[in-house]
Structure formats: structure tokens, C-alpha cells
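**Student:** Sequence:
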Amino acid sequence: MIAVTCLVSLALCCGLAWWQWDRFMSASGTFQNLGYVLQWPLFGLFPAFMFWRIKKLREREQAEAADPAAPRPEPAEVTVPAPRRALVRQPAVVTEEDAELAAYNSYLRELHARDQQS
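Note that the sequence shown ends on residue 118 in full-length UniProt numbering; no numbers are left out.
What the hints contain is simulated information worked out from the structure, not anything from laboratory work.
Being a predicted model, the structure only gives us computed values, none of them experimental.
Where a beta carbon is used, it is the ideal one built from N, C-alpha and C, also for glycine.
Mixed in with the good hints, there may be bad ones.
[Said to hold, decoys possible] Here are the in silico distance ranges between beta carbons for each label pair:
| # | residue 1 | residue 2 | range |
| --- | --- | --- | --- |
| 1 | Ile2 | Glu74 | 31 to 37 angstroms |
| 2 | Phe43 | Arg85 | 47 to 53 angstroms |
| 3 | Cys14 | Gln62 | 32 to 38 angstroms |
| 4 | Trp52 | Asp22 | 27 to 33 angstroms |
| 5 | Leu108 | Glu74 | 55 to 61 angstroms |
| 6 | Asp67 | Arg23 | 38 to 44 angstroms |
Construct the entire structure; sequences and hints are all you get.
**Tutor:** This is the structure we're talking about:
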């Protein structure tokens with residue numbers, strides 16, 4: 001049944017590729033149609049590839065179940081990089097700043113420092 005599905009898929013997609021080739025060769029054909037000519041056969045081969053892949057995975061699973069003493073590859077260790085610390089800038093010296101703006105900027109620096117600590 002799976003082989004029939006693979007063959008029908010391949011035949012259908014090759015027919016669609018032929019149709020796109022006819023469209024490409026027509027007066028209104030574009031290179032997009034040519035791209036579809038190349039894609040459709042790949043779409044048709046995909047079910048056969050998946051059947052082959054599933055078969056190989058099942059064979060590997062059965063071989064591992066038959067020989068439990070066989071060495072298995074260790075899963076790769078996942079490392080999470082440490083978070084990078086933000087650069088702490090020294091406040092610029094402003095000589096002609098009014099007192100209200102300086103107090104507001106100081107308050108913002110305090111809030112930022114509290115956020116960085118928690």
C-alpha cells in the first residue's frame with residue numbers, strides 16, 4: 001500500500017512538473033514556472049524518502065532492542081552560556097544642569113541599579 005502511494009505521488013508530481021514546463025514554454029511563462037518544474041519531482045519523491053527513513057529507524061530500533069549491551073552514544077551535554085553583564089557607565093559630569101533634572105537622573109540611576117540587583 002505504501003509503495004502504491006509513493007508511485008502515485010511520484011506520477012502525480014511528475015505530471016504537475018510537465019504542466020509547469022508547458023506553462024514555462026508558453027508566451028506567458030516565467031522563471032517561477034521553471035522553478036516549479038524542478039520542485040515537483042522532489043515533492044513526488046518525498047513519500048518514498050520518508051518510507052525509507054522510517055524503515056531504517058525501525059531497523060535500528062530493533063537492532064538496539066535485540067542487543068541491549070551494545071554501546072549507545074551519550075547525548076551531547078547542553079551548556080547554557082552565562083548571562084552577560086551590562087556595562088556600567090559612569091555618569092557624565094554635567095556642569096550646567098539644573099537641580100530638578102539632576103535629581104530626576106539620579107532617581108533613574110537608582111531604579112536602574114535596583115533592577116540590575118534583582
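**Student:** Decide, hint by hint, whether the structure agrees.
**Tutor:** Now the hints, each set against the structure:
no., hint, result
1, Ile2 <-> Glu74: 31 to 37 angstroms, "holds, 34 angstroms"
2, Phe43 <-> Arg85: 47 to 53 angstroms, "holds, 49 angstroms"
3, Cys14 <-> Gln62: 32 to 38 angstroms, "holds, 34 angstroms"
4, Trp52 <-> Asp22: 27 to 33 angstroms, "holds, 31 angstroms"
5, Leu108 <-> Glu74: 55 to 61 angstroms, "violated, 50 angstroms"
6, Asp67 <-> Arg23: 38 to 44 angstroms, "violated, 54 angstroms"
Checked against the numbered hints given earlier, the structure breaks hints 5, 6 and satisfies all the rest.
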